[in-house]
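**Q** The sequence shown begins at 1 in this note's numbering and counts up one residue at a time.
Wrong hints could be hidden among the right ones.
Stated by the list, open to error - Taking CB as the label site, the calculated pair distances span: (1) Pro53 x Arg81: 15 to 21 Å; (2) Glu88 x Glu163: 16 to 22 Å; (3) Gly41 x Met66: 34 to 40 Å; (4) Thr121 x Gln49: 26 to 32 Å; (5) Glu77 x Ser43: 16 to 22 Å; (6) Arg130 x Gly41: 30 to 36 Å; (7) Glu132 x Arg160: 40 to 46 Å; (8) Asp98 x Pro53: 22 to 28 Å; (9) Asp40 x Ile131: 30 to 36 Å; (10) Gln175 x Arg78: 19 to 25 Å; (11) Glu65 x Glu167: 24 to 30 Å; (12) Arg81 x Ala123: 21 to 27 Å; (13) Asn93 x Gln45: 27 to 33 Å.
Think of the hints as simulated: they come from the structure by calculation, not from any bench.
For each residue, glycine too, the CB sits at the ideal point set by N, CA and C.
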Amino acid sequence: MIQFRNTASPHLVAAIVLVFGQLAVSAQEEPREFISGQIDGESTQWLVQSKPPNPSVVFSTLLPEMHSFRITGYAGERFAREGSLTIEFNLRNGEVQDPKIRYFPFAPLHPRFSFGEDHGTGALVIDSVRIESVTAHVEGRFSGELYYHQSPNTTPISHRTHEAEIEFSVVATRQ
1 MIQFRNTASP
11 HLVAAIVLVF
21 GQLAVSAQEE
31 PREFISGQID
41 GESTQWLVQS
51 KPPNPSVVFS
61 TLLPEMHSFR
71 ITGYAGERFA
81 REGSLTIEFN
91 LRNGEVQDPK
101 IRYFPFAPLH
111 PRFSFGEDHG
121 TGALVIDSVR
131 IESVTAHVEG
141 RFSGELYYHQ
151 SPNTTPISHR
161 THEAEIEFSV
171 VATRQ
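Sequences are here, hints too, so could you generate the full structure?
**A** So, in structure tokens, the structure goes:
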């Protein structure tokens, strides 16, 4: 009769288990989504939080053929307001309506730089949208100027601006 004896040290076994465990977790992680672009010529990326319970890319159906989208990207892993970017728009029969872009370079809620129908220059273009039952893949871009706001009650300041070039290809979760 042949007998095998376990001669491996407990530390070696623990190290092997740890390595294989990390490989399994890495294989299960979803690829990260980013919004990319330039603000005043400086390249940047904003991280999108795609996992529930608080995804940062969401959409809802308002009416048949009319959908509302909100895409928020964060400057870092903390998902803080400082450095974040939010893109909001309605899409009706393929046409962009009520576009809003807000860039928060500072920690507080305001001040901010923004684009909307009544201020800023440029255009938000949606290149493609594929809506499924609980998700929507949306690709688009913005090119233009974001105007400075001191607070929500002040008029945008047209002589204090940031040039922005933004691109995104994200998957939104239905709200």
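**Q** Which numbered hints are broken by the structure, listed smallest first?
**A** none
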